[in-house]
Amino acid sequence: DAGVIQSPRHEVTEMGQEVTLRCKPISGHNSLFWYRQTMMRGLELLIYFNNNVPIDDSGMPEDRFSAKMPNASFSTLKIQPSEPRDSAVYFCASNPSGGTDTQYFGPGTRLTVL
Amino acid sequence: GQSLEQPSEVTAVEGAIVQINCTYQTSGFYGLSWYQQHDGGAPTFLSYNALDGLEETGRFSSFLSRSDSYGYLLLQELQMKDSASYFCAPGVYNQGGKLIFGQGTELSVKP
Chain A
7 DAGVIQSPRH EVTEMGQEVT LRCKPISGHN SLFWYRQTMM RGLELLIYFN
57 NNVPIDDSGM PEDRFSAKMP NASFSTLKIQ PSEPRDSAVY FCASNPSGGT
107 DTQYFGPGTR LTVL
Chain B
90 GQSLEQPSEV TAVEGAIVQI NCTYQTSGFY GLSWYQQHDG GAPTFLSYNA
140 LDGLEETGRF SSFLSRSDSY GYLLLQELQM KDSASYFCAP GVYNQGGKLI
190 FGQGTELSVK P
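So the sequence lines, in the order shown, correspond to chains A and B. Residues in the first sequence are numbered from 7 upward in steps of one, following this note's numbering. Residues in the second sequence are numbered from 90 upward in steps of one, following this note's numbering.
The hints are simulated quantities; they were obtained by calculation from the structure and are not laboratory data. Watch out, some of these pointers could steer you wrong.
Stated by the list, open to error - Over 12 Å on every C-beta distance to chain B, these chain A residues come out as not near it, computed from the model:
1) P14
2) V18
3) G22
4) R28
5) K30
6) G34
7) D69
8) R70
9) K74
10) A78
11) S79
12) Q86
13) E89
14) V119
15) L120
To be verified - Below 25 Å or equal to it, Euclidean Cα-Cα: the simulated SDA-like pairs (lysine to any residue) are:
16) A:K30 with B:T133
17) A:K30 with A:V59
18) B:K170 with A:V95
Said to hold, decoys possible - A few chain A residues that face chain B, going by a derived Cβ cut-off under 7 Å, partial list only:
19) S37
20) G48
21) L49
22) N101
23) T108
24) F111
25) P113
26) G114
Where a beta carbon is used, it is the ideal one built from N, C-alpha and C, also for glycine.
Sequences and hints are given; from them, build the entire structure.
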């Protein structure tokens, strides 16, 4: 299996621009998670889906952030408009069973907002 | 509420044993996972404790005490490649596999 796939791997954009991050989970996995990692705040859960349905979006920092999972093999995290404080590494992870065991992380997208 | 504590940094020498402690307060606690992350990489799964006691996987062991809301990761025969960040991640029951991560512990292994 190819593992969790994220694109782009690096994104540099200017403040105010829209940013879309993409994730393809491992085939057959039921749950998908979006995380953000910074030095100051560590690894934060933004939102997660179970069977394509958003379960908990309490970690989404502001209305500027939105996430969708239109089907079992694709999810997007969108920031509009982006701000410099959104600069971070964004990880997508998937889990086969929806249980609290192994999550498989993608390589991450390093976002820089100038 | 949710809280999670683990040391921010630990330093040890090659060949030694190191223990990384984790205390948590997690509503609906279900189990405790440990993840490793090398600099510039993604977190990778190390170990999971659903029940009290010790789980051993090669050089790594993980322990859980539910009554004390406490766990630890034990790394034996330390190698330079073990230098990384280690995260304990309590799981929340019946919420589709939600894990609570924090700042992690940065382990530096010296020669």
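- For this structure, which hints from the list above don't hold up? none
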